[in-house]
Amino acid sequence: MCTMITQSVKIDGSGKHNNEWIQLEQANVSFDHPFHAPYEHTLNIDFVNENQRVAVELSESAARDLVQTILSVLNQAETQGHLEKQSV
Amino acid sequence: MYTTDMYEGVHAETVTMKGANGDEINAYLAIPLGKEKSPAIVLAHHMPGWDEWYREATYKFALHGYIAISPNLYFRAGHGTPEDVAAKVRADGGIADNQAVGDLEGAMKYVRALKESNGKIGIFGTCSGGRHAYLTSCRVSGFDAIVDCWGGGVVMEKTNPKMPVSPHEYTKDLSCPILGLFGEEDSSPTPEQVKIHEEELKKHGKNYEFHMYPNAGHGFFYYHRPAYRVEQTLDGWKKVFSFLEKNLMNA
Numbered sequence: 001m002c003t004m005i006t007q008s009v010k011i012d013g014s015g016k017h018n019n020e021w022i023q024l025e026q027a028n029v030s031f032d033h034p035f036h037a038p039y040e041h042t043l044n045i046d047f048v049n050e051n052q053r054v055a056v057e058l059s060e061s062a063a064r065d066l067v068q069t070i071l072s073v074l075n076q077a078e079t080q081g082h083l084e085k086q087s088v
Numbered sequence: 001m002y003t004t005d006m007y008e009g010v011h012a013e014t015v016t017m018k019g020a021n022g023d024e025i026n027a028y029l030a031i032p033l034g035k036e037k038s039p040a041i042v043l044a045h046h047m048p049g050w051d052e053w054y055r056e057a058t059y060k061f062a063l064h065g066y067i068a069i070s071p072n073l074y075f076r077a078g079h080g081t082p083e084d085v086a087a088k089v090r091a092d093g094g095i096a097d098n099q100a101v102g103d104l105e106g107a108m109k110y111v112r113a114l115k116e117s118n119g120k121i122g123i124f125g126t127c128s129g130g131r132h133a134y135l136t137s138c139r140v141s142g143f144d145a146i147v148d149c150w151g152g153g154v155v156m157e158k159t160n161p162k163m164p165v166s167p168h169e170y171t172k173d174l175s176c177p178i179l180g181l182f183g184e185e186d187s188s189p190t191p192e193q194v195k196i197h198e199e200e201l202k203k204h205g206k207n208y209e210f211h212m213y214p215n216a217g218h219g220f221f222y223y224h225r226p227a228y229r230v231e232q233t234l235d236g237w238k239k240v241f242s243f244l245e246k247n248l249m250n251a
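From first to last, the protein sequence lines are chains S and A. If you count the first sequence from 1, position 32 lands on 32 in my numbering, and the numbers rise without skipping. If you count the second sequence from 1, position 32 lands on 32 in my numbering, and the numbers rise without skipping.
Label-pair distances were calculated between CB atoms; the ranges are:
id: 1; chain 1: A; residue 1: Asn207; chain 2: S; residue 2: Val73; range: 55 to 63 Å
id: 2; chain 1: S; residue 1: Ser61; chain 2: A; residue 2: Gly34; range: 51 to 59 Å
id: 3; chain 1: S; residue 1: Trp21; chain 2: A; residue 2: Pro164; range: 40 to 48 Å
id: 4; chain 1: A; residue 1: Asp235; chain 2: S; residue 2: Gln26; range: 38 to 46 Å
id: 5; chain 1: S; residue 1: Val67; chain 2: A; residue 2: Lys195; range: 31 to 39 Å
Quick caveat, the hints were computed from the structure, so don't treat them as lab data. We put the beta carbon where it would ideally sit given N, CA and C, even for glycine.
Put together the whole structure using the sequences plus the hints.
Spelled out as structure tokens, the structure:
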């Protein structure tokens, strides 16, 4: 069942929802039943703001690969001097 | 058993009922037509929410002669698609046990008060709903049968403020017969956890019937998920209706 394993983190960015870009405020990360992906449990990320949700459901290996890839891309960007201070 | 010369009808609709703390919540109610009195069943929906499968299951019980009600246990999380509402509840770590028990007790009182009720009421749940159904049938009197389908977390290793007591610890208070359907390949509940639950039922002299299906995991009734197992599902529904007939129709 429902593992109820969940954590949230405040985020800053945008996501595409119903063909429109929306501002995202939080990511809810869980390892629990998916609604769509064909597995019993998946690593789920709900990128949300107060009323809207952009959802992904990933197999465990896909989630691990994604994390490594994100970190690798960020490291590469840092090495090449692209991580200038972001202004909001 | 249905034959093609029978009249068959079901009145199904969304209703409002009183749940935990007297809060008004909504519920899906299905009443078989053409019968003066019927037994009833309360459905505790699963973690993925108050979704289409649960409305279909509610309707299915009515087709089989039961007044069926499925309260929206996620009502307080607001409205939206069942998935979006369930995602909010998931992010919040689930709902509190006391709230679920109060809502399911409210559903039981709602159907008991219907003029079509024969006074016999069962409770059915799958996944977290199986757990909530078990918890409710232990903590609340008035149920005549419970069906727990792969309720995970009936035997909890770690509790939390929303789920402060492992449901199996209430087993001595269970006041009705229980049917349990499980899959050998399930990771929650594991066959070992089901065994612990069964030992507890045995210890307290409870009337129980547990079935552990080979080649089945979690949620093997769900035809829209890869976990679906047709043979186990057909046999499982047969066992559900036979158990309910024995305890609610012919008791």
